[in-house]
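Visitor: We have chain A already, so just place chain B on it with the hints.
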Amino acid sequence: MTIEDVQQEIIEEFSVYEDWMDKYGYLIDLGNQLEDLDPKEKTDQNLIKGCQSRVWLVAEKNNGKLQFKGESDAVIVKGLVALLLRVVSDRTPKEIAENELHFIDDLGLKQHLSPTRANGLLAMVKQIKLYAVAYNRLETEGGK
Amino acid sequence: MSYDIQKIRSWFPVLSQQVFNKPLVYFDNAASTQKPVQVLNALQKLHNEFYGNIHRAAHYMADKTTLEFEAVRDKVKDFINAGSREEIIFTKGTTESANLVAASYGEQFLTRGSEIIVSEMEHHSNIVPWQLVALNKGAKIVKLPVSESGELQTGLLPELINSKTRLISVTHVSNVLGTINPIKQIIETAHVRNIPVFIDGAQAVQHIPVDVQELDADFYAFSAHKMYGPNGVGVLYGKKKWLEQLPPYQGGGEMISEVTFEKTTFSEIPFKFEAGTPNITGVAAFGAAIDLLQEIGLDNISAWEHDLLEYATSRLKGINGLKIFGEAPKKSGVISFLIDEIHPFDIGALLDKMGVAVRTGHHCADPLMKFYNIPGTIRASFGIYNTKDEIDLFMDSLKRAKELLN
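Which chain is which? The protein sequence lines are A and B, in order.
First residue of the first sequence? That's 1 in my numbering, and the numbers climb one at a time after it.
First residue of the second sequence? That's 1 in my numbering, and the numbers climb one at a time after it.
Isolated chain A, as found in the complex:
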């Protein structure tokens, strides 16, 4: 499945919920199911500060693919983190760099990406992209 396929899959999953509370209930379930980071990984370096809640992001590259782990102190944000990880984890830097992450907007959850006083989620999306672009450049330049 491509990044786009997974995004479409998520949008479909959410389409069965008509009520906002059901959508959020699903996000809360996802948040609760997401494995917590090792406390040792919750460093200041991995912390993305938001005014409302905090998000931690850990990136690793294995066998040419990026692996992401993340967590948030707010469970709804954690649910959104879980969705993001599902979309971008185990992908090549090139795939992540070239694909637009639009599903949060499509789910009507864009308010959680507001640039100021937000919950660190927008910063997380940017950070993921940044990792991908940086690794991608390393690879292409390294291949020359």
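A portion of the hints provided could be inaccurate.
Examples of chain B residues lying across from chain A (beta carbon under 10 Å, computed) [as the list claims (entries may be wrong)]: (1) I342; (2) G348; (3) L350; (4) R400.
By construction, these hints were calculated from the structure, which means they are not laboratory data.
Glycine included, C-beta positions come from ideal geometry on N, C-alpha and C.
Guide: Okay, now just chain B, sitting in the frame of chain A:
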């Protein structure tokens, strides 16, 4: 007088809408209040009928606008019972008022080693301006600590004040806890040592009657947008004896008496502190907001909101695992709380989708959050148009949010 809630609500058509298919419950009044038709009409009227720049031109439009603008200065003077109209300075808001005093007073009276006492429950806008000027002057900020119940430990003041103390800065009402601070007593204590006091009144003037002469406040600041007036208008009250000693804050038109390239002489107060064209229409509309508050009466507003506070507090206390932050005996209509270990953002996000607008987060008061060792709170804050029925809706929504998150 009986409190005509239906009439008051009719002034705010914005309140009768539905959000996410639920009736709107607006409990974020401490952040900003909604605007009544009187204020919106006043904004329109000025633009439609006689707009011009103030204090400058000698033509009909400008003269009428000037009269309108200056009439609001008189209204503000009466509203807080200032000694004279010259003591009322229009600013962009409380933040600018605080910055003005910090910069101008700091310039004139702070030297290396000077101390400014600032309370631990302040909004960032009443901390950072003092830090900036302290850094610049080599002065020091001294903390007036808060107690677990959310009250200032004013008993410590005599110990904190010394020969280096140059100013005390305290909020009248806490934007997080709702605590009404005993500012009269603080001012009295400070004045024994001839130390002036700056009061952040942003969360006070719309809720309780304020008389700056009775309080003997040296500086008192507030914002129109939290008192049903327009954005971008604020007030700095300053005692004449202080304002006359302070250098200007910003340079520009209006604040000068005579300018040559060698030297400028400045206008008298208040114009010395009002450089450039001010928010003319905003100030005019602010007059309508003050009229409205006077029409209802601050005593009536205070009683109505106190009733809401007591009702909401007792209902909230019925929720298992709910902790209220700020339990001072004298409180304004602000309640901060947390439920169990649930993150405030999660509750706020769910309440939002049920039509309830509250504030979550640190409320621009990080030092206070550090004191309680919490990431933030959920804050419900009431205004003149809120009702017990809305508190019931809020409670139902809160219970549903708790169920979903537990």
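Visitor: Work down the list of hints and note, for each, if the structure agrees.
Guide: Hint-by-hint comparison with the structure:
| no. | hint | result |
| --- | --- | --- |
| 1 | I342 | 8 Å, holds |
| 2 | G348 | 8 Å, holds |
| 3 | L350 | 6 Å, holds |
| 4 | R400 | 7 Å, holds |
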